[in-house]
Amino acid sequence: MKEKACGQSITRRKFIKKSIRTAIACGIAPSVFFKALPAFGLSLWDVEELCPEANGNATWKDVCQLSKKDIETFNMDLTPWEKTPRHSQYAYVAAKLAPPYTATEIAYMMTVGQHFPWWTHEGPMGGMMINNRGGLNFYTGQREVWSALSPDTLEDYLYSWPENKVYMWVLDRYHKPALYRYTKFLQNVYRCGKTHEKYSDKWRYYPGVKKLVTEGESRYCDQYFERDFTFGDTMMIPWYYTWKFLGTDILYNNDIVRFPNARKDINIRNWDGQAIKKDTGSLKIMGNDYPAYTENGGVQCYVIEATANCDFFAPEHSRLILWVDMYAHRELRRERYDLNNNLVAILEARNRMELKDKGKWGYSMLIHLAWDLKNDHISANHYDFHRPPRTFEIDPEKPEAYFRPNPVFMESEMFPVPLSSMVFNDPEAFYLRPKLMPEKFPRARKIRLSEQTLKLVKAQNEEKKLVFI
Amino acid sequence: MKATSARLIVFPFSFFLVLYLSFNVYAQTGQDYYNAFDRWIANFNPAGNALKPLNEIPRFKINGFFSNWTAINVHSDRQVGTVTKDWRFQEIQWMAELEPRYQFSPGVELVNKLRFQYDAVYDWQNSSLYADKVNKDSYISHTGDEIVRELHLDIESDNLYVKIGKQQVVWGKMEGRWMDFINNLDGKDSLETRASQYNKLRIPLWMTNITYSFRESSIQFLWIPDYEPTKNPFPGSPWWSPLRSDPERDPRYRGSADEPGMAFKNHQWAARLDTKVGQATWSLGYMYGFSPNATNFIRQDNLGQAFYDPEYTRAHFVGSAIDVGYVIKGVPFFQRIPFTYRAEVVFKTDQYFTDFNKWDPYNGILKEGKGLTNTDLISGAMKFDIFLPGRVWCFYQPMMSYYSGWRESLGVNRWSLGHVFFVNKFWRSLEDRLITSYFLFIYTGGPLNGWQGMKNQFVITWKFSDNLEAKILYTDYHGGQNDIYGQFNKWDNARFEMNYVF
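In order, the protein sequences belong to chains A and B. If you want the numbering used here, it's the position in the first sequence, counting the first as 1, plus 262. If you want the numbering used here, it's the position in the second sequence, counting the first as 1, plus 2.
Quick caveat, the hints were computed from the structure, so don't treat them as lab data. Think of the CB as a built atom: it goes at the ideal place given N, C-alpha and C, for glycine as much as any other residue. Errors might be hidden in some of the hints.
[To be verified] Cβ pair distances, simulated, as ranges:
| id | chain 1 | residue 1 | chain 2 | residue 2 | range |
| --- | --- | --- | --- | --- | --- |
| 1 | B | Arg61 | A | Phe686 | 22 to 30 Å |
| 2 | B | Lys427 | A | Glu425 | 47 to 55 Å |
| 3 | A | Glu425 | B | Leu390 | 48 to 56 Å |
[What the hints assert, rightly or not] Calculated cross-link-like contacts (lysine to aspartate or glutamate; reagent style DMTMM-like; alpha-carbon spacing at most 25 Å):
| id | chain 1 | residue 1 | chain 2 | residue 2 |
| --- | --- | --- | --- | --- |
| 4 | B | Lys54 | A | Glu459 |
| 5 | A | Lys472 | B | Asp362 |
| 6 | B | Lys331 | A | Glu459 |
| 7 | B | Lys267 | B | Glu313 |
| 8 | B | Lys168 | B | Asp125 |
| 9 | A | Lys660 | B | Glu158 |
| 10 | B | Lys63 | A | Asp541 |
| 11 | B | Lys63 | B | Asp79 |
| 12 | A | Lys438 | B | Asp40 |
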């Protein structure tokens, strides 16, 4: 027993109890202390590069800032969806597709060949995903697509293609990663609507067990395995949303799919399979053949907002905001918001002209980038080319004679099309995170990032390359 | 008093402050090391890099894998039935495979898979295991036939697929082997074997495989002049059943069966039709071949002594499989749930069992015929897969079998009913690199033995990179000592698997 100076005794048990209480208090106190401190340091405005201004003015305009002349020049029709005339047979579709365009009609045109060009084609595909620690994974493979529609027959798709009828087949063959080599993914795509809600049948061949299995239709908001893209990102169904204009904007080369300073070139295969080295600085958002660049090399865009249409389904995201170019109606940037209206993902795309005889419908995606803000991963998909098929033949009356969920067909371990040359394994050569653009459309956009992500974005913008924790 | 109070506050406070601060420092250092490791392991591919010059040869590719499966028993040493269980490791399986392939022209490719396998469980520990001394097949690849695992010429054209050579052909869609009866299995690990391992354990056969496609359908013909029986656990191996005695010690065993030769009459034949019916895919297959194992007929020698005369017997196998995908709509909270339904049914003839009305093994008296009764087996399974939000995948698979022509004197159940439950989660916050799974297997039957035990399996998979993944598993078995699962009650084990693919 110990004696205090005042004469009282303290037993060993009391000593231990007091120590424990003190220890608990010491353990809790610092965490309370640090939580009580105001979040210090960074805001979006501190870390992000603000977009360049054109002639001293902001490049973006809210819809209420647009003049009558702007609206006429940009071929915009601000009639809300509730008052838009509907098609007689498909009441969920706007009745016309002609300028001036409503936001809904812009969405219809944007859907055409957004992810899969609407012409029968084959081509390499490659993709990568990087986390904020610098861990990089990638896949390569090839894709074969049959399309019953062509880009210039959008009205056929909208107004006369029956619901429950397949208009596209897609077959993906995976070469890498090595763990999933020879995996195949087959899907068809239906025109879906009120009487037929399923948009796709899916089959997957798993080489690890040598079995072909049917998969249930994925949820629209489900993400692909090891990727930040959702099924909805790659298979947009415009009437699943209600559309309206938010305004207009101009995007420049340095606003979309940004290369790090150290990455000077990129290999892209041509239709003959040759890998051609191109200077990354020479790649433009819409390619070299785009006729509608502004004098500063920008691309004028509609900015439209999509709200989930509860007549069809209730997805786990509530809103999208898209930047769509005004000439070819290609989606250049997409923002996905969750049910609490927080920004959860930003997607960007660079395009190029591939089929000149299709005019404005001949564009296809070159690079597609997605940033998952919550987990801070970035994914990229690359498509070297989408050439008319040289390795398979399709009877247009019977496409399922080739695209068949047949175990022997899907077991094939051959890759007739050259593999993508655009993937790489250097984390420091990866694309920069998409710009946050906090100054644009602030009323419609709620952006919140963790402290760690803010620091990484700041470091990235200072060093012009990804910086890892 | 004041000085003592001060000590009681100051010393613990100081200690925990130092601990808190140093934890942060070390945590940061640990994080830095992990980040550096993550970046390094993403590019870890030494074999792939070494083989890169070969892969740049036009039309030539060479891939492969290297894996290790190690299982550690968690129980103490003891006698269990006929087995003296005195080992710690149940498996230390090393497997290496090289897969060169050469494409002669578009659609024509020669594929070779060379495999070397070695189970170090006999050499790397002291135990009473002795299978390695009796049969080299129990632990090491030692023949050319085993090392040349596959060798086939693949020819693909628009409607015709031809594959000639040593290969595996897999039918069916279910978790487990139902319609998957073309190639037998290396089943040395008995009940521990998982469906995801079948690809590495199936025994390839020399055959000609021709498939003709028309519209959405195809018809496949297999001509199989080769035969390899199932490999069962060897006496003296870790998975030898504690309910069985070593047949080598039974004087009635006078040798193993001769495998069917290459004579035309011993060839196996199979055909399969695959088609798409609406949204479903459907498959119907038939094989005329040999049963997976030899049948131990009982005969009498000139002295009237009964002995076992094993022989490979012919059987007919008919199977059908279907699968279809749906979406269940209007589910509270979940809204829409993707759902897949699969079913397989198989009919097998000529399944022989010892009949105690015809053969008295205890007294060695053969009463009738060859001591066995022939039955037919009908078995099947259904699978219900659902995909929940949050990247959770579950399935439930009930499985049934029924012996037609059964009688009580066979000593086995007439019917059995098994259940498999499975839950799996992909962890999005870790880029789907972490996958956690749980399996539950339950077996019942009748009318002789009801409860047949259960097996739990917990699996954690971590994908280090595109080339390397590792698994940690824990498996436990429950049931009565005579049950299918319960006999391995003391075989519960923690398992580590590493798979490097290049």
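Now for the hints, and whether the structure bears them out:
Between Arg61(B) and Phe686(A) the CB atoms are about 24 Å apart, so this pair conforms to the stated range of 22 to 30 Å. With their beta carbons about 35 Å apart, Lys427(B) and Glu425(A) fall outside the hinted range of 47 to 55 Å. For the pair Glu425(A) and Leu390(B), the supplied restraint of 48 to 56 Å is violated, since their beta-carbon distance comes to about 28 Å. Of the supplied pair hints, the one linking Lys54(B) and Glu459(A) is violated, its CA atoms being roughly 47 Å apart against a limit of 25 Å.
About 44 Å separates the Cα atoms of Lys472(A) and Asp362(B), which puts this hinted pair outside 25 Å; it is violated. In summary, the hint linking Lys331(B) to Glu459(A) is supported, as the alpha carbons are separated by about 10 Å, within the 25 Å threshold. Distance restraint check for Lys267(B) and Glu313(B): the Cα-Cα separation of roughly 15 Å lies within the 25 Å cut-off, and the hinted pair is therefore satisfied. For a cut-off of 25 Å, the pair hint linking Lys168(B) to Asp125(B) is broken: about 31 Å separates their Cα positions.
For a cut-off of 25 Å, the pair hint linking Lys660(A) to Glu158(B) stands: about 20 Å separates their Cα positions. At most 25 Å may separate the alpha-carbon atoms for a hinted pair to count; Lys63(B) and Asp541(A) exceed this at roughly 30 Å. This hinted pair does not check out: Lys63(B) and Asp79(B) have alpha carbons roughly 48 Å apart, beyond 25 Å. In summary, the hint linking Lys438(A) to Asp40(B) is supported, as the alpha carbons are separated by about 19 Å, within the 25 Å threshold.
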